[in-house]
Amino acid sequence: MTDSSRIEISGEGLRCADVIRVARRSAWADLAPDAVERATRGYELAVELGAKRAVYGRTTGVGANRHTVVDAETADRHGLRLLRSHAGGTGDPLPGDVVRATMVIRLNQLAAAGSGVHPRLLRALETALRVGALPLVHSRGAIGTGDLTALAEIALTLADELPWAAGALDPVPVSPGDALAFISSNAATLAEAVLAWHDLTRLLAASHVVTALTFCALSGSTEAYSERVHQARPHPGAIRCAAELRRLLATADGLPPGRRLQDPFGLRAFPQVQGPALEAAENVERVLGIDLNAAAENPLIDVETEQAYHHGQFSTAHVALAFDHLRAALHHVAELSTARLGDLVEPDLSGLPAFLAEGPAGSSGIMILEYVAHDALGTLRHAASPVTLGTAVISRGLEDHASFSTHAVRSTVAATAAYRTVLACELLGAVRALRMAGTRLPATPLREALRLAEHALPHIAEDHPLSSEITLAEQLLDRLATL
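One point on numbering: in my numbering, the residue at position 39 of the sequence shown is 1400, and numbering is uninterrupted.
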């Protein structure tokens, strides 16, 4: 639901959290007046430069047609021809939140005033976001060198050449130089990237809570989370993770004693495995923060030097590599979750019946959760494979590298969904074990976590289908993340 909260769009300072708020409709975008003034100067300079020299995409074709000069007699229609030829996307339509994120990111990039696009296109994007008008944008057509198909579809929708998916605006004229200036961006990939980063970081936050619940169910040893231990090997992510676990577990009387001299790796090495994932997520946020505010269009129309610079800023290798790293780190985290689930069903570790079964002899309890979790882990393992090991050579050999950042992001979406299932299975096991043992949790945020879980998840002693409970546990993870 939209509220009155506004985020100023100025071409700088846009954060991932701001994009999330606009995309998921808790805020709207408000274009700064000086951003329009800068865009106007950039547009006027681009027109002036195009009258004096060759400017890629404005006075020439694109790709391998870079040296082909646009026919003066048809130059006024060059922009629309370029958009029509590039609006070849296919596949499923992008969800509404992705399209809104794409629009606000592109608006902010254009506000950075390096494109030379006509300022009326900035106003059109701002208006569309405010009134809820959404273009129909297809998902397939990008390889990490510019979201040409998606942005061409948005531009043609603004020009009233393609139908709106929701709402509508009055048609916006497209100047001859506007086409490449508008579509020379990775805004759609960045939109999916921001949403993927947000959803995954929430799961990583929830994993601290779920691990702490399992820790209590297994009566773990808190020595592994000692501040002294982590000062001796001060990786930032591990320090942060251990501190979170101490916050969740410690009371005014200190940390509870453990049952064992040393715990299995799922508990004992959790900070060392979770830490790299936290650091990888922070690096993704840093990379995205740069690209959200970048004037990365090719060519760059630079008002300060009054020049047009042709370059390779369309490459998104930073994004692709950051997400490849994040998925690899996430896989290790998910492996530990499945290991802890295995610990929960082991009587020697839990002090409870095998598989946390409560029925007659031979009951299976939550045995099937291990199968479900390892199925999801297998999916995650495949999604974690690096996409940056491949490339593409296109446009008659001129464009001979691609980062496939779009695919790195979408693999992260798949990995996140799989990890949600893995973590939900562990949560079900931990809550069942705590209920069976009648464990009283410390007076920390963890007690509230268990209260929420016991309210949301039914406790059925006898063997029964667990599918609906897995779904409920997946939904609960977002609430646990806020604790």
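Since the hints were made in silico from the structure, they are not lab data. Computed from a predicted model, the values in this text were never measured in an experiment. Virtual Cβ for every residue (Gly too), placed ideally from N, Cα, C. Some clues are possibly wrong.
What the hints assert, rightly or not - Quick list of the computed label-pair ranges, beta carbon to beta carbon:
| hint | residue 1 | residue 2 | range |
| --- | --- | --- | --- |
| 1 | 1832 | 1742 | 19 to 25 Å |
| 2 | 1429 | 1732 | 22 to 28 Å |
| 3 | 1672 | 1804 | 56 to 62 Å |
Status of each hint after checking the structure:
1. Residue 1832 and residue 1742 have their C-beta atoms about 23 Å apart, which keeps the hinted 19 to 25 Å range intact.
2. In this structure, residue 1429 and residue 1732 break the distance hint of 22 to 28 Å, their C-beta atoms being roughly 59 Å apart.
3. At roughly 58 Å, the beta carbons of residue 1672 and residue 1804 sit within the given window of 56 to 62 Å.
Hint check: a violation occurs at hint 2 only; the rest are consistent with the structure.
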